[in-house]
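Chains as they are written, first to last, in the numbering used here: chain A, 1 to 445; chain B, 1001 to 1163.
Be aware that a few hints might be false.
[As the list claims (entries may be wrong)] Negatives, chain A to chain B, calculated, CB over 12 Å:
| hint | residue |
| --- | --- |
| 1 | Y104 |
| 2 | E288 |
| 3 | R296 |
| 4 | W390 |
[To be verified] To give a feel for the contact side, a few chain A residues facing chain B, derived at Cβ under 10 Å:
| hint | residue |
| --- | --- |
| 5 | D29 |
| 6 | F33 |
| 7 | V222 |
| 8 | V225 |
| 9 | R229 |
| 10 | E326 |
| 11 | N345 |
| 12 | G357 |
| 13 | A359 |
| 14 | A364 |
| 15 | G376 |
[What the hints assert, rightly or not] Rough simulated footprint, nothing fancy, chain B against chain A, three-plus residues with beta-carbon under 8 Å:
| hint | region |
| --- | --- |
| 16 | 189 to 200 |
| 17 | 347 to 355 |
Hints were generated in silico from the structure; no laboratory data involved.
Backbone N, C-alpha and C define an ideal beta-carbon position, used for all residues, glycine too.
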Amino acid sequence: MGSSMLTDQQIDELVPIEEGRVHSRLYTDPEIFQQEMQRIFYRTWVYVGHTSEIAEPGDYKTTHIGLVPVIVARDEDGEVNVLVNRCVHRGTTVCQQEYGNSNYFRCEYHGWTYKNNGSLIGITLRKGFKDGELDGIAKSLDRAPRVAIYRGLIFASLSPTGLALEEWLGVAKDYLDVWLDTSPTGEMVVSGGIWKHDYTGNWKIGMEGSDERYHINFLHHVAVVLNKRRTGQTSKLKFMPDDMTALETKDAGHGHGISEINSERWPMPWRDMYPQAYIDALVARIGEERTAHVLRQDFRLHLFPNVAFGPENIRVFRPISVDHTEVRQYHVALPTIPGVTDELNAQRVVVHRKFYGPAGYVGADDLEIFPRMMEGYRAQSCDTLNPWVWFSRGATTTRRGPGGERIGEDQSEVSQQSIWYGWREYMKAAGETAALPSRSAVRST
Amino acid sequence: MTRGEAEEFLFTEARLLDERKLEDWLELTADDFMYWIPLNDEDSHPETHLSIIYDSKADCRERIFRVLESGMNHPQDPPSRTARFVTNVEVIDNSGSEAELRCNTLLYEYRSGSGRPDTTSPNIYPARCHYRLRKTGEDWRMTFKKVSFVTMDGPLNAMTFFI
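Build the full structure now, drawing on both the sequences and the hints.
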């Protein structure tokens, strides 16, 4: 492994992101993909699910951290365990269902059995193992040494050390708080469907696309045309300001990025968009001022490396290989409160289906473009051809926000640059803890 | 409705869709038509659970505009060529003026071109279908069409052609 890793100097040469460019080899090289698993996915925080998916003791879901299959299981004590889905004996997966409820997991090859906190409680024909023959074998499933839950969002890290979750979230936490404060209880419910899809292309292509604003009028031209054709539709479907320069993108540090409509310049007409009972419920929890603040905003947020938040969806990226990525797009509902959230929840299903679903006006366009990018990147296999991919829009004109975050106006590509600033730091030998905490505050532009 | 009449209706529908005569296909629908392709679970409720498609007739008109007339529908550039095979046709309810049908569909879809890495083989969509029809004058019109893909809970990629 070690000898094929990129050196820090090579990383700098491949990612001159200050100039707004990166080398397309970063999307096509299988060895770089392996290094990404070790240095990014197995080092930092990865989103693995939501507490509403495993609400009761015994509930579990299966997912992945990078290539590693994991079970996110709530045990009898209510604790959330993130267990590696791999029998300690011969390596078979011990859980087959996407969701379920069970007190134990049993490997169906030889019957070794584990409690839902991971401990090994049953070895088939145990007496047949002679002295010492079991000594080297672990007594529990491997587990993510760090698990942290932020207002229902479950993150896990396969590294025992690193930044605390809230430190890692940084400026992005303010946006998560806005997103969560639009719920009358302060938490969301992940329920109502999962659109699963995959694409021929590197995982970073999808992450970059998750809060890209420069492409909207072009790639999603049909959505814009249909939006104009439609009159009398819900104002929620009015998703673009008249002045497109109000579309801002941000680098929130640690690879995280945001795109938003500047709510000072183009506030959402929130009083017309939401039922009064819902507004009242928010005011009761967070007050008039905060309610106005959270409802007037419109943004997308990605947390590097694997998750993006839309108004009514959570999109989770799973790298499978350097040119194959699976995406699970989870529907997000407000908690059911009759007369308060039911109308909005019905609307959220419509918006998600019509915009971001597989036959929606926006999601289908994105899925068409990702493989086209991957095909284009293959041109870099010829050394004499231009290998650069550009994200230079806004690279030289950013301003700083109160948290040190870089902000670009006018549909800039700052939220894509953020991925590469983060990527470059994580991929270096020292990793996130040494390099990242003060990065966004001190980085020169 | 006899099985022969049902097959005649379903084969006509399949041909119009394969030939992308979508305006003609819309003529086969009643004004209260609902077109549903469930996601994850065929027993889910389309108003509380995501669907791939849950279209009224007006939504279908918009979808046809997008496929045929918008001029910038990237996922249909180049356009899909399709052939669908309709089998296992059963008339499960028949009151004379209304009928309920089941059938299976196997759809092959292919987009040519060389700008994408995945143009070497067609996409294959097997599905179980459920129809409700109403007789209007001499003609049968669809009031409901449900297409349940066997892969509804697996990876389902962009669907920008009619099923």
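For each hint, the structure was consulted:
no.	hint	result
1	Y104	holds, 25 Å
2	E288	holds, 31 Å
3	R296	holds, 27 Å
4	W390	holds, 19 Å
5	D29	violated, 16 Å
6	F33	violated, 16 Å
7	V222	holds, 5 Å
8	V225	holds, 6 Å
9	R229	holds, 8 Å
10	E326	holds, 7 Å
11	N345	holds, 7 Å
12	G357	holds, 6 Å
13	A359	holds, 4 Å
14	A364	holds, 4 Å
15	G376	holds, 8 Å
16	189 to 200	holds (count 9)
17	347 to 355	holds (count 3)
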